[in-house]
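Trainee: Chains as they are written, first to last, in the working numbering: chain P, 1 to 244; chain V, 1 to 214.
For the record, the hints were derived by calculation from the structure and aren't laboratory data.
Derived SDA-like pairs: lysine to any residue, alpha-carbon spacing no greater than 20 Å straight-line: (1) Lys168/P / Glu94/V; (2) Lys180/P / Val85/V; (3) Lys92/V / Tyr161/P; (4) Lys92/V / Ala183/P; (5) Lys196/P / Arg213/P; (6) Lys168/P / Ser95/V; (7) Lys180/P / Val82/V; (8) Lys92/V / Gly239/P; (9) Lys92/V / Asp173/P.
Okay, here's what each chain looks like letter by letter:
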Amino acid sequence: MSSNNAAFDIIEQVARAEKLHEGHAILSEHAAKFGLSHVAYLGLNIPSERRVKPLVAVTYSPQWQRHYEHKDYVNLDPVVAAGIVGTLPIDWQELNRSSGEVKRLFGEAQEFDVGRQGLTFPIRGRHGEFALFSLNSPMCDREWAREKLVLIKEFMLIAHYFHSWAVKAEKLDGNDFVEKLTARERECLRWSAAGKTIWETAAILGLSERTVRFHHENARFKLNALSTTHAVSKAITYGVIPLP
Amino acid sequence: MIEVIQSYQRGAFPAEMDAMHRIRKKVFHDRLGWDVSIIGDWEIDGFDALDGVYLVAKDDNAKVVGSIRLLPTTNFNMLNDVFPVLLPEGGKIESPLIWEASRFSVDPDAEVPLTRNRLSKPTAELILGMNEFGRRLGLTHVVTVYDAFVARILRRADCKGEPISEPIRIGKTLAYAALFEIGDEMERAVRQASGVHHPVIASSTGYDLTSTAA
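Required output: the full structure, derived from the provided sequences and hints.
Mentor: What follows is the structure, encoded as structure tokens:
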């Protein structure tokens, strides 16, 4: 699939950067070759031990960003609303822009050179992470209709890789140890999360209390936690166990 | 004719969802006797609460006659999370360019025309619809876990998949897992095998492969 070679080249180059804004700058340079004016990445929910603000790597003008924040447009923006519910790429042309407020939002975006056309990829993962990756272009409608399919093919992969890379670059990927908990360790934590005592957990799982304690101990170690309560809390944060 | 309905839109398509879940119960619970979760007359499970996409097949009278469910492999799906035993060496299949197809079902009581090779029209349309959907999304493959019955259908439809592992007995069924390449070759093969040459995804759905807020 030769089309994906371009995507892999871009991903490889981005991966060599160490900081988020560096990788983003590399991506933006390449994006220009596709007739794009902007590439925007918003890591809106990245589960992490630290409280983190959303990751933002955008080429929109600082004035637009300030204006957007000042007007609280994140609550009005149909792109964000569509991204939150959907999985498929979102063409800004197809959003419902009938309300006066939304019309104004898009009008102002144009004034700030965001670009006539937009395509947003929602990114969602099994640990609860959520990000939006958007492309913008000044292309006319006809050219956009032609180019869109190519852009989707190229950038579907790039969007997801950029997200994974961004999380690593910002050192928010404490999820490495997550996969290493055994099924039994997870089970014991789940019952603890549900408020069961060690005795109760042992009875439920058909294990000895000593074995349950053993599983808790291993889970604590793997999660780098100070107590079982702490381990449960981390496990839920990283999606290792579901909310009870 | 195939209608594309994203999971978050299910509230806007109550008739289609009702028919779909009823047919799934008929096929997987009543006929195949699988251990699936039933609520009332519906077969519905946890994966239906995720960000999937449904391809719903309708006959010429706009009656729902079958469906297939598609889930991204970048999030919870059946192969990685329910049947990891089918994965080679404990690896995962996780890519933005690979989706998983599941719950392929056609109403056994519906009167549907048979095409060439004794494939029912909804069957051919669902496979072609899946391919078309995948193509518009830039997917490289669709992965799926299936049984001997579906294996025969795929053979008749001339769908050549790459097996992921040896078939493994799960419950009372022998389960197969395979990757199917999306694109021109799949389209050509299935159109040839079934004799279905019309476009299958309804333009009336307004589905242009991109999502709109409900």
